[in-house]
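**Q** Work out the full structure, taking the sequences as your base and the hints as a guide.
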Amino acid sequence: MRSGNLPMKPEEAYKMVRWQAVSNGVNVNNPTPYYLSYVSAEVNRTPLKKVRMVAPFSQAVFEGKGTHKGDKLKWYLVNDYGGDSTGEAVLQ
Numbered sequence: 001m002r003s004g005n006l007p008m009k010p011e012e013a014y015k016m017v018r019w020q021a022v023s024n025g026v027n028v029n030n031p032t033p034y035y036l037s038y039v040s041a042e043v044n045r046t047p048l049k050k051v052r053m054v055a056p057f058s059q060a061v062f063e064g065k066g067t068h069k070g071d072k073l074k075w076y077l078v079n080d081y082g083g084d085s086t087g088e089a090v091l092q
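Numbers 1 to 92, taken from UniProt numbering, label the letters of the sequence shown in order.
There could be a bad hint or two in this list.
[Stated by the list, open to error] Have a look at the derived ranges for each label pair, beta carbon to beta carbon:
id: 1; residue 1: Glu63; residue 2: Thr86; range: 15 to 23 Å
id: 2; residue 1: Lys15; residue 2: Glu63; range: 17 to 25 Å
id: 3; residue 1: Arg45; residue 2: Met16; range: 18 to 26 Å
id: 4; residue 1: Pro7; residue 2: Pro47; range: 29 to 37 Å
id: 5; residue 1: Lys9; residue 2: Gly66; range: 30 to 38 Å
id: 6; residue 1: Pro33; residue 2: Glu88; range: 16 to 24 Å
id: 7; residue 1: Lys74; residue 2: Asn5; range: 27 to 35 Å
id: 8; residue 1: Asn5; residue 2: Glu63; range: 28 to 36 Å
id: 9; residue 1: His68; residue 2: Lys9; range: 29 to 37 Å
id: 10; residue 1: Arg45; residue 2: Asn5; range: 33 to 41 Å
id: 11; residue 1: Gly66; residue 2: Met8; range: 27 to 35 Å
id: 12; residue 1: Pro7; residue 2: Arg45; range: 31 to 39 Å
id: 13; residue 1: Asp84; residue 2: Ala55; range: 17 to 25 Å
id: 14; residue 1: Gly66; residue 2: Leu6; range: 30 to 38 Å
[Claimed, not checked] The calculated DSSO-like cross-link candidates involving lysine-lysine, where the alpha carbons are at most 27 Å apart (straight line), are:
id: 15; residue 1: Lys49; residue 2: Lys15
id: 16; residue 1: Lys74; residue 2: Lys9
id: 17; residue 1: Lys15; residue 2: Lys72
id: 18; residue 1: Lys72; residue 2: Lys49
id: 19; residue 1: Lys49; residue 2: Lys65
id: 20; residue 1: Lys72; residue 2: Lys50
id: 21; residue 1: Lys50; residue 2: Lys74
id: 22; residue 1: Lys15; residue 2: Lys50
id: 23; residue 1: Lys65; residue 2: Lys50
id: 24; residue 1: Lys15; residue 2: Lys74
id: 25; residue 1: Lys69; residue 2: Lys15
id: 26; residue 1: Lys49; residue 2: Lys74
id: 27; residue 1: Lys69; residue 2: Lys49
id: 28; residue 1: Lys15; residue 2: Lys65
id: 29; residue 1: Lys9; residue 2: Lys72
id: 30; residue 1: Lys50; residue 2: Lys69
Calculated directly from the structure, the hints in this document are not laboratory data. We put the beta carbon where it would ideally sit given N, CA and C, even for glycine.
**A** Written out as structure tokens, the structure is:
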């Protein structure tokens with residue numbers, strides 16, 4: 001169970017994540033106090049590799065080739081209830 005003292009709801013945290021195209025895939029920047037447990041992500045329908053949990057206030061790289069600024073990304077994560085949450089973003 002999460003502490004009730006966190007400054008936002010998990011759904012708000014999902015929207016704050018920044019996704020940036022880098023030479024070896026996608027840099028994921030989590031500026032929130034939540035652990036975000038990603039299970040998969042894809043850019044232009046091509047799956048990324050080494051998708052994993054991103055700790056609070058940290059970054060990770062999900063590996064892939066040929067990602068570019070403006071590409072469409074779709075992500076999937078396990079939410080606080082054990083279910084799936086999905087979302088989309090445009091790479092910066």
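**Q** Work down the list of hints and note, for each, if the structure agrees.
**A** A quick look at each hint next to the structure:
no.: 1; hint: Glu63 <-> Thr86: 15 to 23 Å; in the structure: 20 Å, holds
no.: 2; hint: Lys15 <-> Glu63: 17 to 25 Å; in the structure: 24 Å, holds
no.: 3; hint: Arg45 <-> Met16: 18 to 26 Å; in the structure: 25 Å, holds
no.: 4; hint: Pro7 <-> Pro47: 29 to 37 Å; in the structure: 33 Å, holds
no.: 5; hint: Lys9 <-> Gly66: 30 to 38 Å; in the structure: 34 Å, holds
no.: 6; hint: Pro33 <-> Glu88: 16 to 24 Å; in the structure: 23 Å, holds
no.: 7; hint: Lys74 <-> Asn5: 27 to 35 Å; in the structure: 31 Å, holds
no.: 8; hint: Asn5 <-> Glu63: 28 to 36 Å; in the structure: 35 Å, holds
no.: 9; hint: His68 <-> Lys9: 29 to 37 Å; in the structure: 32 Å, holds
no.: 10; hint: Arg45 <-> Asn5: 33 to 41 Å; in the structure: 39 Å, holds
no.: 11; hint: Gly66 <-> Met8: 27 to 35 Å; in the structure: 33 Å, holds
no.: 12; hint: Pro7 <-> Arg45: 31 to 39 Å; in the structure: 35 Å, holds
no.: 13; hint: Asp84 <-> Ala55: 17 to 25 Å; in the structure: 20 Å, holds
no.: 14; hint: Gly66 <-> Leu6: 30 to 38 Å; in the structure: 36 Å, holds
no.: 15; hint: Lys49 <-> Lys15; in the structure: 22 Å, holds
no.: 16; hint: Lys74 <-> Lys9; in the structure: 21 Å, holds
no.: 17; hint: Lys15 <-> Lys72; in the structure: 15 Å, holds
no.: 18; hint: Lys72 <-> Lys49; in the structure: 16 Å, holds
no.: 19; hint: Lys49 <-> Lys65; in the structure: 10 Å, holds
no.: 20; hint: Lys72 <-> Lys50; in the structure: 18 Å, holds
no.: 21; hint: Lys50 <-> Lys74; in the structure: 15 Å, holds
no.: 22; hint: Lys15 <-> Lys50; in the structure: 21 Å, holds
no.: 23; hint: Lys65 <-> Lys50; in the structure: 13 Å, holds
no.: 24; hint: Lys15 <-> Lys74; in the structure: 12 Å, holds
no.: 25; hint: Lys69 <-> Lys15; in the structure: 18 Å, holds
no.: 26; hint: Lys49 <-> Lys74; in the structure: 13 Å, holds
no.: 27; hint: Lys69 <-> Lys49; in the structure: 18 Å, holds
no.: 28; hint: Lys15 <-> Lys65; in the structure: 24 Å, holds
no.: 29; hint: Lys9 <-> Lys72; in the structure: 25 Å, holds
no.: 30; hint: Lys50 <-> Lys69; in the structure: 20 Å, holds
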